[in-house]
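Engineer: Below are the chains, spelled out letter by letter.
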Amino acid sequence: MVSQTEQLLLALMIGVIMLGMGSSLTWRDFRRAFKRPQAILIGFASQYVLMPLIGFLLAIVLQLPPPLAVGLILIASMPGGSTSNIFTYFSKGDLALSVTMTTFSTLAAFVMTPVAILLYASRFMTSEISVGMGSVISGLFVMLIPVIIGMFIRRRNANVGAVLELIGGIMGVVIILVLILSWVPRNASLLATTPWQVYVAAAGIGAIGFFFGLITATLSKLGFRRSATVSLETGIQNGPLALSIVLLSFTGAIANDIVLIPVLYSLFIVIISSGVTMIYRRINNQLQQRTVALL
Amino acid sequence: MSIVELDALVESRATPLSMPVPLPARHIAELVETTCARYARQHAFTAVLPNGMYGNLKFDQVAQYTDQVAAYLRVELGLAVGDRVAVQLPNSLAYPLWSFGALKAGCVLVNMNPLYTIPEMVHQLNDSGARVLVLVDLFADKLPEVVAQTKVEHVVLVRITDLFPRLIGFIAHNIMKYWNRIIPACTVPVTTGLEAMAKGEAILRDGKADIHSYTADFGPDTLAALQYTGGTTGVSKGAMLTHGNLLANIAQIEERVAGNVEHGKETALAVLPLYHIFAFTANLLYFFHAGARNILVASPRPLSNLQRAIENYPVSWIPGVNTLFNGILNEEWFTDYPPPQLKGSIAGGTSLHAAVAERWEKVTGSPVIEGYGLTESSPVVTLNPFVGSRAGSIGRPVLGTEVRLLDVFGEDAAPGEAGELAVRGPQVMLGYWQRPDETALTLRDGWLLTGDVAQQDADGFLRIVDRKKDLIIVSGFNVYPNEVEDCIARLEGVSEVAVIGVPDAKSGEAVKAFIVPRNGATITADQVREHCRASITGYKVPKSVEIRSELPKTNVGKVLRRALRDEAHQPVAERTLGGTNG
Numbered sequence: 001m002v003s004q005t006e007q008l009l010l011a012l013m014i015g016v017i018m019l020g021m022g023s024s025l026t027w028r029d030f031r032r033a034f035k036r037p038q039a040i041l042i043g044f045a046s047q048y049v050l051m052p053l054i055g056f057l058l059a060i061v062l063q064l065p066p067p068l069a070v071g072l073i074l075i076a077s078m079p080g081g082s083t084s085n086i087f088t089y090f091s092k093g094d095l096a097l098s099v100t101m102t103t104f105s106t107l108a109a110f111v112m113t114p115v116a117i118l119l120y121a122s123r124f125m126t127s128e129i130s131v132g133m134g135s136v137i138s139g140l141f142v143m144l145i146p147v148i149i150g151m152f153i154r155r156r157n158a159n160v161g162a163v164l165e166l167i168g169g170i171m172g173v174v175i176i177l178v179l180i181l182s183w184v185p186r187n188a189s190l191l192a193t194t195p196w197q198v199y200v201a202a203a204g205i206g207a208i209g210f211f212f213g214l215i216t217a218t219l220s221k222l223g224f225r226r227s228a229t230v231s232l233e234t235g236i237q238n239g240p241l242a243l244s245i246v247l248l249s250f251t252g253a254i255a256n257d258i259v260l261i262p263v264l265y266s267l268f269i270v271i272i273s274s275g276v277t278m279i280y281r282r283i284n285n286q287l288q289q290r291t292v293a294l295l
Numbered sequence: 001m002s003i004v005e006l007d008a009l010v011e012s013r014a015t016p017l018s019m020p021v022p023l024p025a026r027h028i029a030e031l032v033e034t035t036c037a038r039y040a041r042q043h044a045f046t047a048v049l050p051n052g053m054y055g056n057l058k059f060d061q062v063a064q065y066t067d068q069v070a071a072y073l074r075v076e077l078g079l080a081v082g083d084r085v086a087v088q089l090p091n092s093l094a095y096p097l098w099s100f101g102a103l104k105a106g107c108v109l110v111n112m113n114p115l116y117t118i119p120e121m122v123h124q125l126n127d128s129g130a131r132v133l134v135l136v137d138l139f140a141d142k143l144p145e146v147v148a149q150t151k152v153e154h155v156v157l158v159r160i161t162d163l164f165p166r167l168i169g170f171i172a173h174n175i176m177k178y179w180n181r182i183i184p185a186c187t188v189p190v191t192t193g194l195e196a197m198a199k200g201e202a203i204l205r206d207g208k209a210d211i212h213s214y215t216a217d218f219g220p221d222t223l224a225a226l227q228y229t230g231g232t233t234g235v236s237k238g239a240m241l242t243h244g245n246l247l248a249n250i251a252q253i254e255e256r257v258a259g260n261v262e263h264g265k266e267t268a269l270a271v272l273p274l275y276h277i278f279a280f281t282a283n284l285l286y287f288f289h290a291g292a293r294n295i296l297v298a299s300p301r302p303l304s305n306l307q308r309a310i311e312n313y314p315v316s317w318i319p320g321v322n323t324l325f326n327g328i329l330n331e332e333w334f335t336d337y338p339p340p341q342l343k344g345s346i347a348g349g350t351s352l353h354a355a356v357a358e359r360w361e362k363v364t365g366s367p368v369i370e371g372y373g374l375t376e377s378s379p380v381v382t383l384n385p386f387v388g389s390r391a392g393s394i395g396r397p398v399l400g401t402e403v404r405l406l407d408v409f410g411e412d413a414a415p416g417e418a419g420e421l422a423v424r425g426p427q428v429m430l431g432y433w434q435r436p437d438e439t440a441l442t443l444r445d446g447w448l449l450t451g452d453v454a455q456q457d458a459d460g461f462l463r464i465v466d467r468k469k470d471l472i473i474v475s476g477f478n479v480y481p482n483e484v485e486d487c488i489a490r491l492e493g494v495s496e497v498a499v500i501g502v503p504d505a506k507s508g509e510a511v512k513a514f515i516v517p518r519n520g521a522t523i524t525a526d527q528v529r530e531h532c533r534a535s536i537t538g539y540k541v542p543k544s545v546e547i548r549s550e551l552p553k554t555n556v557g558k559v560l561r562r563a564l565r566d567e568a569h570q571p572v573a574e575r576t577l578g579g580t581n582g
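Protein chains in written order, with the working numbering: chain A, 1 to 295; chain B, 1 to 582.
Don't read these hints as lab results, they were simulated from the structure.
Beta carbons are placed, not taken as given, at the ideal position from N, Cα and C, and that holds for glycine.
Wrong hints could be hidden among the right ones.
With beta-carbon atoms standing in for the labels, derived distance ranges [said to hold, decoys possible]:
| id | chain 1 | residue 1 | chain 2 | residue 2 | range |
| --- | --- | --- | --- | --- | --- |
| 1 | A | L9 | B | A185 | 18 to 28 Å |
| 2 | B | V387 | A | W27 | 29 to 39 Å |
| 3 | A | Q63 | B | G520 | 34 to 44 Å |
For the chain A half of the interface with chain B, some residues (derived, Cβ under 8 Å), not all of them [said to hold, decoys possible]:
| id | residue |
| --- | --- |
| 4 | T26 |
| 5 | R28 |
| 6 | K35 |
| 7 | A162 |
| 8 | V163 |
| 9 | L166 |
| 10 | Q286 |
| 11 | Q288 |
Could you put the whole structure together from the sequences, leaning on the hints where they help?
Structural biologist: Here it is, written out as structure tokens:
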């Protein structure tokens, strides 16, 4: 697990990144996101209908023991994580839509996450799972406040905004690399003793989420840029929230079992998202209008 | 060509004009000076990069920096009146400084396209006899070969980010250099733009330059620029534009938009390259003269590069060409929230498709007024009025401009009949630089032969029917590609279209259409023909249709029908969806 100072540092870095993301946005971008509410609705549906269902089916297909199954369903029932915004930004997707979807799904988590957990996890475990609302709120703040500050800065001075955006972008790459590189040595023993089904579940939930998110959005004719955004939003869950829920609700050996998949998920999702983002970025670049070279 | 020869040329073309056009200044140097004094503390130019980083120049800074450039050229480099200075820059803060600076120095400006290949650069530099080349650092790798093959004595290398705030310029330059890797190393001796200006500043400080003396005896007939063009014959040659030509065109544009352009309050988007005559006169001269803030965008490729420029500034005027308007209309960020302050757009360069014009006006809620012009006429010949603009028309001739429509014998065509457009007015060039033969083909008794076929309404509005040489003759019937293109452009899913004539055994020539579909749309030849048959006569309906991902275009987005015709001689059979009926 990560230490207190590391957690603070992480939150600070995310704050800087979100400040940079905000500096790339205007109010118009959000108005545009609301102009096509179907994208937000589809994102919502794939987040809370598709993902928990995938988690549930995956747990059954892989015949996971109950504590692991609960961990999987937990992570599948989480709202979108703010890292989805970073990956959407790098993939040249619709950042305002991503931020909007993350905000909506986080607010809706108060109702939707307990409902999804009740619906699917009760089959594996009867003990009560308390969903910690405090961290949901603080998570939302960590994400939204710097975004709004960034937008104001860009309005005041586009040069400062552009520099912040650049710093946020660089910080984003750094944090992704740090997460991947520091995770493996930190959890080496865990990785060695984990059975393959757990790997498949932890990696698969994100990957399948990306896939079905993309398919659903594409079938709804959202266009590639928005579909890719919905895809990233669907697959990337708020991992830290899942961890804190486990720690609040369980203790001892069972807590260690339940927490396993959320922890592994947090590693795999960064790796898989990086790959998927590169593919989406390439496609988005190709779809940009190439007019005549006017230079 | 010597100055004496030029004077003879000026006198030879002196034909009385129907109406004198009041010039806003004696020469462009004076125009720059009075304009800069009038709007001193307002923004004149803002260069915007795709990521939103920007640099500003205020009018008084323009005055100060252009003096430095002029002092550098005359004192440091020792140039004389009439020496040619080639400026090869994309839209950036350096562009107005070096072009205006050269004119203040009494030199002749030679605008060059930065995308030119080495042979094209060599041709233009040798033909114009330029002694100084001002080049953007993005193309410094061309210098060794170019310098070796020309008489260029000095090279000034400028950056797109010159005169940006220091830190921003540093960051932006290094992103371009190390991340985008578009700035090659420079291996020939050069002076950087900022060094040159610093030298100019020192010269002025020491009182070693008298800027006003450089242009003291200049008048409207003094040569200002060599503007290169293929013209109607295809050979690249320099149209000699005088200070008076360009100043007259400013006054002529002003008269047509009077009351709609509020001096000192407008923001004009300069997305077309300033080295091209349209943006040169419209943005750099006219809107500058009107005290507008010009938003300079170096490259609208991809078009999303324009997003920050349009979002961050209250753009009120957009001069553009059909391809640009059409492309912008395919950008969702633009159509969702078109610039709210936009008052109008000016279309030129090539004919504006009615479908594009209608959609542009619907989306932006402001008119697009179409005009017509050529490099040889500085460029504006006709322009629609702001109110009462007519779709499909290029408007009436501007102030002090006479037009004639000539039949194949060079006689006036019957009223209402189409004929080759000939133009006379204060904006018409002196001739082509050192090419009397080419000049004689184009200028006859003071009349500029445009090579365009036009028709005139009873109330004077003109309509370009087509280029004389683009005319397609199908079994003896005239087909004007513009009309067919306009029709096809209205078909759902069509992004771009070009129509040419191809040799045909039965009809002599046959109509062929090249179509670029919008993203994701599929178009079939049958669909196109069915659509055309509903609105145009049978012989005009394309006999074959080819679907493409791109059309060959000039640097301002004019579709090159000539390139398509050249290709048509070696047709690629498998790409053609052509049918049999016509």
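Engineer: Hint by hint, which ones does this structure get wrong, listed from lowest number up?
Structural biologist: 1 and 10
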